[in-house]
Amino acid sequence: METSDLIFPSDERYSEVLYFLYREAELLDNRCFTEWLDLLAEDIHYRMPVPITRGRNLEYSDEMDIFSDNLASLKVRVDKLRTDFAWADTPPSRTRHMISNLRLKVTDKPDELQSISSVLVYSNRFSQPDADLFSAERFDLLRRVNGQWLLAQRTVHLDQSVVGARHITVFF
Amino acid sequence: METSDLIFPSDERYSEVLYFLYREAELLDNRCFTEWLDLLAEDIHYRMPVPITRGRNLEYSDEMDIFSDNLASLKVRVDKLRTDFAWADTPPSRTRHMISNLRLKVTDKPDELQSISSVLVYSNRFSQPDADLFSAERFDLLRRVNGQWLLAQRTVHLDQSVVGARHITVFF
Amino acid sequence: METSDLIFPSDERYSEVLYFLYREAELLDNRCFTEWLDLLAEDIHYRMPVPITRGRNLEYSDEMDIFSDNLASLKVRVDKLRTDFAWADTPPSRTRHMISNLRLKVTDKPDELQSISSVLVYSNRFSQPDADLFSAERFDLLRRVNGQWLLAQRTVHLDQSVVGARHITVFF
Amino acid sequence: MQAFGRKVACPMDTKSLNNLIKPKDGLVSSRIFTDPEIYRLERERIFTRTWLYVAHESEIRQPGDFVSRSMGEDSVIVSRGRDGNTRVFLNVCRHRGRKICSEDLGNTSKFICGYHGWTYNELGELTAVPFFDAYQGRLDKNKNGLHQARVDIYHGLIFATWDTGLESLSDYLGPMKWILDLAFGRTEGTEVVGPPIRWVADTNWKLGAANFTGDGVHVLTTHGFSTQLGLHQLKASGGRPGGYAVDPGNGHGASLVSPASKGEYYLGLPKELWPELERTLTKEQIGIIKPLIILAGNVFPNLSFLQTAGHSPKEWGGPEGMPISFLTLRQWQPLGPESMEGLTWLFMDKNTPSQWREYSRQCYQRVFGVAGTFEQDDLENWGQITQGLRGPMAGRLWLHYELGLDLKPSKEWPGPGTAYSGQPPWFDQLESLFYGHCVKLLMQE
Amino acid sequence: MQAFGRKVACPMDTKSLNNLIKPKDGLVSSRIFTDPEIYRLERERIFTRTWLYVAHESEIRQPGDFVSRSMGEDSVIVSRGRDGNTRVFLNVCRHRGRKICSEDLGNTSKFICGYHGWTYNELGELTAVPFFDAYQGRLDKNKNGLHQARVDIYHGLIFATWDTGLESLSDYLGPMKWILDLAFGRTEGTEVVGPPIRWVADTNWKLGAANFTGDGVHVLTTHGFSTQLGLHQLKASGGRPGGYAVDPGNGHGASLVSPASKGEYYLGLPKELWPELERTLTKEQIGIIKPLIILAGNVFPNLSFLQTAGHSPKEWGGPEGMPISFLTLRQWQPLGPESMEGLTWLFMDKNTPSQWREYSRQCYQRVFGVAGTFEQDDLENWGQITQGLRGPMAGRLWLHYELGLDLKPSKEWPGPGTAYSGQPPWFDQLESLFYGHCVKLLMQE
Amino acid sequence: MQAFGRKVACPMDTKSLNNLIKPKDGLVSSRIFTDPEIYRLERERIFTRTWLYVAHESEIRQPGDFVSRSMGEDSVIVSRGRDGNTRVFLNVCRHRGRKICSEDLGNTSKFICGYHGWTYNELGELTAVPFFDAYQGRLDKNKNGLHQARVDIYHGLIFATWDTGLESLSDYLGPMKWILDLAFGRTEGTEVVGPPIRWVADTNWKLGAANFTGDGVHVLTTHGFSTQLGLHQLKASGGRPGGYAVDPGNGHGASLVSPASKGEYYLGLPKELWPELERTLTKEQIGIIKPLIILAGNVFPNLSFLQTAGHSPKEWGGPEGMPISFLTLRQWQPLGPESMEGLTWLFMDKNTPSQWREYSRQCYQRVFGVAGTFEQDDLENWGQITQGLRGPMAGRLWLHYELGLDLKPSKEWPGPGTAYSGQPPWFDQLESLFYGHCVKLLMQE
Ligand code: FES
Ligand code: FES
Ligand code: FES
Ligand SMILES: [Fe+3]
Ligand SMILES: [Fe+3]
Ligand SMILES: [Fe+3]
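Protein chains in written order, with the numbering used here: chain A, 10 to 181; chain B, 10 to 181; chain C, 10 to 181; chain D, 27 to 471; chain E, 27 to 471; chain F, 27 to 471.
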């Protein structure tokens with residue numbers, strides 16, 4: 010967090026990005042996945058690298074991802090939910106994306122910002138009295154296109170080396 | 010989240026509502042329930058509809074609520090805590106209301122705003138090493154009365170269809 | 010939360026403190042502990058009093074702390090991590106400090122602010138499918154020294170009377 | 027009398043089970059609430075061998091309507107067929123055991139298993155099997171429909187059992203029918219309002235069941251806040267309330283309470299319904315229901331019901347000066363020795379006026395359910411018992427159920443079964459009989 | 027045929043175990059997935075008495091390289107010594123049982139126990155003991171090295187076992203070697219790409235193993251979204267696909283699938299590798315692999331593998347119009363009757379062109395692993411079975427494995443073992459044999 | 027010597043229990059830490075049949091003062107009555123088993139049960155029963171007071187037991203009293219500072235108890251950071267430290283350590299207290315305490331204590347150049363084979379100067395408790411052992427306790443019991459005896 014690059018909360022762009030992330034969370038939690046796709050840039054790279062513990066270092070692999078999607082494959086994920094075979098999402102999960110600790114930075118390009126945020130994803134299905142909780146840090150690249158912010162890149166660092174869930178169907 | 014209705018974080022009203030919600034959380038977590046009642050409008054309707062999973066739809070019932078209170082019944086809930094018979098609250102819970110993802114919108118009335126926020130409620134009693142966690146989205150109607158914001162309506166969408174707790178004593 | 014003392018989110022100092030806390034969380038979660046020490050004032054008192062349930066009162070002891078550190082002892086804690094004997098941190102924990110509900114207040118001194126914030130600490134080690142979750146309220150004293158905010162005092166109220174973890178190695 | 031019983035050897039033999047209760051002394055061993063081996067037997071010997079409530083007919087009105095429910099720890103589908111009949115299926119694919127339905131409720135004529143596509147209709151018939159030919163005659167579709175429970179219905183209350191040798195529902199309920207008439211058979215019919223409120227509590231299921239079977243004594247202390255805040259309008263005038271504690275046999279139990287001033291209350295039902303009640307019930311039943319303000323009970327093993335007119339003031343959503351009441355059915359589903367799922371439904375008589383409906387609904391939502399101001403404290407009791415009995419010494423305790431054990435049956439009781447009366451009509455023997463019936467079933471191999 | 031078996035007495039004796047399956051009828055008791063006592067026996071009698079996969083040689087190339095893995099619920103270290111040899115150690119200090127290694131992977135010549143400082147080298151030798159003199163000769167360092175498992179390797183796949191009396195890996199694999207050649211012995215060698223994806227799922231481990239042993243039938247339903255969205259390029263032309271289901275004995279199993287239009291597919295591998303394949307494999311193996319598009323199997327007990335060329339379109343990361351495939355190895359580690367850890371690795375032939383590598387990697391990441399669009403639904407099946415079988419009635423179900431049970435072995439099959447062919451080559455007998463082998467091991471005291 | 031023992035049949039018979047240890051070889055089976063059946067026996071046979079510490083008199087000074095504590099998994103109330111006497115009650119209502127006290131501490135003369143209102147006073151008497159008349163003589167209030175444990179006190183340390191046949195506390199402690207004098211009976215008295223720090227750790231309780239019983243060896247490795255960072259002022263001068271490991275019998279154990287340079291340390295206590303010590307202790311005890319810098323031990327089963335003067339520099343809150351020490355009592359409450367609650371208290375001699383008090387408190391808070399820089403690493407050891415021993419092979423390991431097993435008792439030891447001396451005085455036999463005593467109790471039906 011180099012102080013010089015930071016965009017402060019009092020900056021209008023901080024408000025815009027905060028609302029962008031809140032709107033994104035709302036779309037995901039309301040299961041408006043098609044609308045969510047509209048927030049993504051054409052060249053979106055959306056990935057969650059595999060966490061590794063090497064000695065006393067907490068690393069994230071650059072050889073293997075838990076998921077690694079582009080727009081085409083994300084569309085398949087979303088389309089799948091409308092087929093008759095969305096088994097892993099039957100019943101759907103009640104999810105909640107709680108966003109915090111947004112740190113916003115300028116990049117070399119005037120219409121692109123780097124956003125780092127924490128997200129706690131609560132996910133509940135069936136009659137579970139308990140929920141799956143995912144904690145992660147998200148490194149986003151946001152691009153302003155025609156006055157609208159789009160997500161151009163997202164790398165999700167999950168805070169556990171073994172995913173504690175039957176499967177991942179939630180978007181991060 | 011219709012963009013046109015949104016009140017941005019840079020708007021003074023956003024700050025006011027954020028602080029309203031933080032103050033409300035603080036009063037609840039500090040067990041200042043009488044002071045909390047002062048934040049409510051006379052016509053408060055405070056409810057948590059029953060979640061239902063109908064096919065692949067995550068619904069909230071309009072026929073049955075987990076709780077459905079007005080000011081009079083909320084006062085009873087608060088007064089109960091000072092009787093000699095507040096058993097479900099003996100010992101009291103240590104709670105923490107973590108507010109995030111505040112989205113603020115104008116309404117038809119200039120002195121009323123709609124607020125949508127996520128809340129994670131951590132609740133711990135006795136010597137529990139683990140806590141009850143409630144995740145929810147809150148749809149609030151806030152009204153400015155004599156320069157002060159009051160809560161006029163709150164609908165809480167709990168993110169699980171079976172409440173994972175012995176009972177609910179916490180206010181949301 | 011006396012309204013008169015409050016510094017609103019629209020105030021520049023609120024942004025500064027928010028970023029101070031986010032940066033602090035980032036340093037801790039990225040395990041940059043030496044850099045974290047640089048955020049502390051020389052006279053830092055950093056403590057977590059023991060929670061007690063006395064009758065229906067949720068108290069925090071003024072006789073005994075779960076930890077009670079000054080700068081020298083915090084330096085030992087950080088230095089320990091670089092020795093060959095940091096067993097409780099081998100493997101290290103993946104942690105995430107999620108900050109919310111920041112309430113900022115003026116104090117008697119113009120260059121000191123009181124900050125109250127909620128923090129949810131997610132902490133995962135080994136191959137745990139589940140994580141330790143710590144919920145707490147933090148009462149901080151922040152001091153501006155040479156244009157930089159430093160943490161001069163932190164009292165952490167943990168939201169459980171029995172710590173639900175093998176040990177505490179995370180900083181709060 | 028010793029506080030602590032002998033330790034019973036594990037695993038359980040018939041003698042050890044018999045030693046869990048001392049019926050003559052009104053004592054029950056605390057082990058019955060925490061021992062995993064006893065719980066395992068309850069699963070096998072109580073919950074596959076009794077009539078279990080699954081749903082009300084008003085929840086599945088149309089052909090194809092279904093709800094997902096439980097029979098003990100088994101998930102079941104309660105379905106109305108195209109033929110209008112109600113069926114109850116084990117919610118498990120006959121092929122390899124995947125659940126076939128994961129929604130709370132819906133309407134369908136098809137349950138498709140997500141693993142290999144075996145498809146069943148709403149009658150439970152196996153209608154499609156991919157690659158069926160390849161079975162070369164080894165698979166008989168007619169023998170592989172969804173596993174079906176026996177179903178029987180009383181006043182719209184659907185019960186099911188896995189036990190083909192069990193007596194009919196009518197015989198199983200026995201005298202309890204007379205009591206159930208007062209709640210569910212008093213008018214043209216009752217119906218469910220909305221979905222159930224559901225929650226998972228860290229308590230043994232028997233504590234809820236026994237409490238409704240016959241624990242009137244707890245009200246004074248557990249729900250004492252109500253009196254302290256002056257929230258009862260039907261104040262005791264002329265002394266303690268009277269009424270009956272009824273033992274209908276088979277482990278069931280019910281309590282009927284009337285205020286000392288024997289007025290006309292009809293359980294707080296709106297006056298508009300009184301003529302309908304008088305047309306529908308027998309003379310003896312009318313004599314009983316007229317002065318009644320509370321009716322509570324439990325159908326063995328885990329179906330409790332309650333109508334109470336004790337909650338009247340405005341704070342509970344009722345009109346000023348008018349008593350309001352509600353009828354609720356609730357079930358305690360076992361999930362382990364220390365865990366259960368509670369479900370609670372609100373019921374209305376079909377012809378209830380709409381304004382009264384709303385009063386009743388508000389009142390119910392404020393006092394019962396997981397967040398109810400009354401039910402909170404019941405749950406706290408059951409939770410603190412379950413959690414508090416974990417220790418080795420606590421597990422050796424004898425619990426007391428001897429209040430009123432020497433009472434003679436009432437001779438005025440006009441209904442079937444055995445009844446005891448008193449002011450108030452609160453005695454422990456119904457609970458003692460409930461645990462006795464549990465142990466009797468546990469001992470049957 | 028009865029839907030429900032008799033309840034088996036607990037704890038398990040040999041007869042009860044034998045009653046878990048009816049091999050002639052192709053039926054398996056649902057208890058096998060949920061009973062804690064059966065799980066306890068699996069730990070003791072399957073996972074200490076079989077060859078268990080632990081790592082691939084390419085994961086520990088250099089002397090001192092190690093990875094932490096599991097053998098059932100035992101944590102082990104797979105280490106390459108300074109002598110180049112591969113060793114597998116119980117990850118437990120011989121002094122008082124502390125874990126000595128808590129990282130996923132690394133390179134070291136020293137494992138220091140954090141309690142009292144006993145130190146082992148990468149050969150497992152105990153090299154240092156603080157206050158050694160004070161043992162006054164009672165402690166023999168040579169006898170207190172890390173507890174070492176027997177190790178054997180096939181095509182770089184490292185297996186280990188605790189059982190000193192067990193047959194050699196080669197004999198244990200038997201005809202399965204011929205199948206493994208097609209995946210791991212077809213070129214100069216295969217190697218692992220990156221770390222495994224790992225997750226803990228609420229399913230019984232056997233469901234994953236059996237699914238890969240021989241469940242082709244599920245694809246149509248479980249992964250039906252792919253067909254519905256038109257994502258398969260290798261459409262069935264000329265009818266249903268053909269191929270073999272192979273029983274290599276010892277509970278192993280494999281499926282080999284070719285499209286009806288018998289073209290040259292070589293499992294979708296890039297053309298650049300075909301000459302290498304032809305050089306390396308036998309004539310019979312080449313005959314089999316040439317038309318193959320899917321190869322799947324399970325090495326008993328819990329090591330599954332799959333190469334599939336079914337995923338080709340751009341959406342999965344492949345090039346337009348070219349089939350793409352990937353080779354994955356996966357393991358289902360038991361954590362309890364209702365819990366397992368899944369691990370999945372991607373493999374590449376050494377001389378795979380780099381562009382194809384990237385296609386293959388993208389495809390794999392999108393369809394397999396904990397977030398994979400295909401694997402999600404497999405996990406959902408296994409989870410819903412495990413969770414759905416909890417109830418007492420569900421626990422008495424007989425599950426079906428009789429599809430194709432009467433088939434005669436194929437005479438065209440050119441390899442060792444017994445093979446069955448068909449269109450499609452999907453039969454239940456491999457799974458039936460898998461469970462039969464489980465029960466056989468469970469019965470061995 | 028074999029690394030792995032035979033598998034012991036389950037459930038446990040006396041012979042199997044006896045096979046858990048090989049006292050002559052100093053070996054203990056790893057099963058003792060993970061087997062649920064052994065844990066069940068520990069609950070019944072250790073924690074209801076030994077003297078258990080519950081509180082210190084200084085925590086309940088005034089009549090009506092009470093604290094909530096545990097005796098194993100049983101919750102108890104430690105209460106000072108209006109008569110000044112200390113009583114210990116099972117925290118369970120005699121009526122139907124609800125907990126009656128859910129606070130950590132307080133002052134009261136009334137415990138009201140929240141279910142039916144049975145009320146007890148601080149003497150444990152049942153004082154009020156709603157509807158008492160209705161019991162018609164079946165309930166004797168005098169026989170239904172709170173269940174009371176036997177209580178005995180040594181130097182203000184309150185112990186309780188459920189076993190009416192157990193020897194007196196004095197006999198139970200035996201030679202351990204001589205050691206406890208050095209910590210709690212050396213001055214006018216010691217008292218607790220503030221509330222205990224409490225936490226739930228995923229470790230077996232015996233690991234904490236045995237560690238304090240006699241594991242000095244671990245310090246060098248486990249707490250090695252302190253040496254590496256140069257945080258010890260009392261550097262070893264003139265060679266290794268000396269002292270004694272004391273076996274007081276009954277499974278207790280203690281270690282006493284003095285630096286090689288035999289100076290006057292008095293456990294690092296402030297000089298102001300030395301005259302008081304010399305007045306209070308016997309000549310033999312003074313001879314022992316004078317050169318002492320560490321005193322550690324465990325009262326069987328789960329009460330550990332420690333005074334250490336090893337922590338002196340400013341970083342730990344002490345003054346420059348002056349050794350500082352603290353006295354802590356700690357308890358390891360069993361919650362299951364893999365879970366315990368740790369409690370730790372700080373003690374001060376009554377006449378400790380206030381500045382030294384503050385030094386001592388700061389030091390304690392920085393090095394001990396759930397966040398203590400020393401205790402963290404102890405907990406990590408115990409947690410990694412408990413979690414690491416889960417696997418079937420790890421569960422067959424023999425653990426080593428043979429260091430110094432051949433030593434002859436010291437002849438210089440001036441106190442009661444058997445002592446061993448050495449440089450350093452760290453031997454395994456105390457731990458070996460601890461486990462031996464556990465097994466002895468486990469075998470008593
Ligand atoms: S499990 Fe249902 S179709 Fe196979
Ligand atoms: S446990 Fe490893 S050195 Fe003692
Ligand atoms: S349980 Fe305590 S009064 Fe009934
Ligand atoms: Fe009640
Ligand atoms: Fe599949
Ligand atoms: Fe230590």
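These are calculated hints, taken from the structure and not from any lab test. Predicted, not measured: the structure shown is a model, and the values here were computed from it. Watch out, some of these pointers could steer you wrong.
[What the hints assert, rightly or not] For lysine to aspartate or glutamate, the following EDC-like pairs were computed, each having C-alpha atoms within a straight-line distance of at most 20 Å: (1) F/K136 / B/D98; (2) E/K167 / F/D432; (3) E/K50 / D/D166; (4) C/K114 / B/D98; (5) F/K50 / F/E428; (6) E/K169 / F/E438.
Now for the hints, and whether the structure bears them out:
no.	hint	in the structure
1	F/K136 / B/D98	holds (18 Å)
2	E/K167 / F/D432	holds (18 Å)
3	E/K50 / D/D166	holds (16 Å)
4	C/K114 / B/D98	violated (31 Å)
5	F/K50 / F/E428	holds (9 Å)
6	E/K169 / F/E438	violated (36 Å)
Violated hints, listed in ascending order, are 4 and 6; each of the other numbered hints is respected by the structure.
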